[in-house]
Every structure is written in structure tokens, then in C-alpha cells.
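For this one, chain A is given, so just place chain B on it according to the hints.
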Amino acid sequence: MLSVSVQFEDFDTSVLQRQLLAGACEEGAIATFTGYVRAANTGREVRGMELEHYPGMTESSIKGILERAGERWPLLAASVVHRVGRLRPGDQIVWVGVSSAHRGTSFSACEFIMDYLKNEAPFWKKEEGPQGTNWVEARADDRDRASRWDEDTQP
Amino acid sequence: MLRVLFFARVKEELGCPGVDVPWDNAVADLDSLQARLCRDGGPRWQEVLNRTNMIRAVNQCVVAENTGLNDGDEVAFFPPVTGG
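In the order they appear, the protein sequences are chains A and B. Numbering follows my numbering, in which position 110 of the first sequence is assigned residue number 110; successive positions increment by one, without gaps. Numbering follows my numbering, in which position 31 of the second sequence is assigned residue number 31; successive positions increment by one, without gaps.
Okay, chain A solo, but in the shape it has when bound (with noise of 0.2 Å):
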């Protein structure tokens, strides 16, 4: 089971957790990342952020990744929940749930998911300061996260 959701709303980490379960008791780990707006980027403080994407194209590239995570380990289920719209410093931005019969499963897919989703997803953040607003920089060490993963063939 692969989900996506792109969404204005907030979200309950632990009603998204307990939907990983099938029901079964197949699973034996589920891993979770979530990601925060931090109050500071880079030395610069942050009062709020706009978090722009690309409809349609957004959703397809995370089923995408999703999809690749399948194919490389065997996950039982995994989903993304990513907000866009005004977002604001201690906010919940994204999460990843993965869930598998073993724990390495788990923890691997879960952050290639994030990596992948890093580097893949077309979202934009732009933060709003003290100082006005700017557009926040694509970062050289996401993309290497990413690359990791194509060196490492080992699950």
C-alpha cells in the first residue's frame, strides 16, 4: 500500500502511523521521519515560509519514489504526507511512514524516501525574515544524500 498526500492541513503523526498497519500483523517495524520548519536557516532567522508546488506533477513524482523504495526492499506499506501553503517555525512540514517485517528494511527506505523526495519533489520554500523574504537554495550535500543511494547497492 503506497499513499501520497499533499495538503494545506496539519496532520496527527500517530492516526498516520496506525494506517500503516494492515491488519494482519505482518508488519514487525515501522520507521517515521518528520521534518519541522526551523526559526533559523543558514544564519538567517524565519518568521514563516510559503511552500509552493507543482499539482499533479508533485503527487507523481513522490508515488514515484514510493515505488522505487518497493522495488528495492519489501515493504508491506509505505506513504508521504508533505504540506504546502504558509507554514510557520515548530510547524510539522513532512512526514514518511514505511512499515516492513524487519527493522533494516524499515530505517533504509524510510530515508531514501526522504532523500529522494529531497531532491525529486517539486516544492519550493521561500522564507520570510526580518530582513524581507528570499527563496531558499537547493543544497549540494541533498543532492549527495541522494546520490548515496545509487553507489549503494546493498538494501
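Rather than coming from a laboratory, the hints here were simulated on the basis of the structure. What you were told as hints is all true, and nothing was included just to trick you.
Chain B is faced by these chain A residues, among others (derived, beta-carbon under 8 Å):
1) Met57
2) His82
3) Val94
4) Glu120
5) Pro122
6) Phe123
7) Trp124
8) Ala138
Far from chain A, by Cβ distances over 10 Å, these chain B residues were calculated:
9) Met1
10) Cys16
11) Asn25
12) Glu47
13) Asn50
14) Thr52
15) Met54
16) Asp71
Remember, predicted model here, so these are calculated numbers, not experimental data. Note that CB positions come from ideal geometry on N, CA and C, so glycine has one too.
Relative to chain A, chain B alone:
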């Protein structure tokens, strides 16, 4: 017709979320479409669309090289992504 979309900084700098370009053989590939947009839009469009880090997508898939276009395609120009 080709539907052309701009996002984030590109949309802001061009002051426009997108344009529809009537279909003809002179815009039958991505590079030609980009040249047409630059020609019609003027120096500002030329500067913004020709940035080296510009990402281009056809029918919601990122393409690294020039590629053929068909009537009805959706083309997007946007900066490197920063979600998550």
C-alpha cells in the same frame, strides 16, 4: 497548443504563472520552444529562462536534454527543488 508553466522564483521573476503557445512546427522541441519564449518575452525572459540551473519538465517529467514536443504537451520551467 502547448501549455507552459512557471514555478517559484521563475514565476515571480517573469511575473506570470504560464503562457499558452499555439502549436506549430517551429516549437516542436523543447529548445525551440525556449528560444521562442525568449524571443517573445524579451531580455528579461532570456536571462531567466537561460539560467544554467533551470529545470525543465515535459508532461510532468523532468528532462535533462532537448526533447521533441507534441501538440497538447505541458511544459514547465522551474528552479532546483527545495521541499522536505
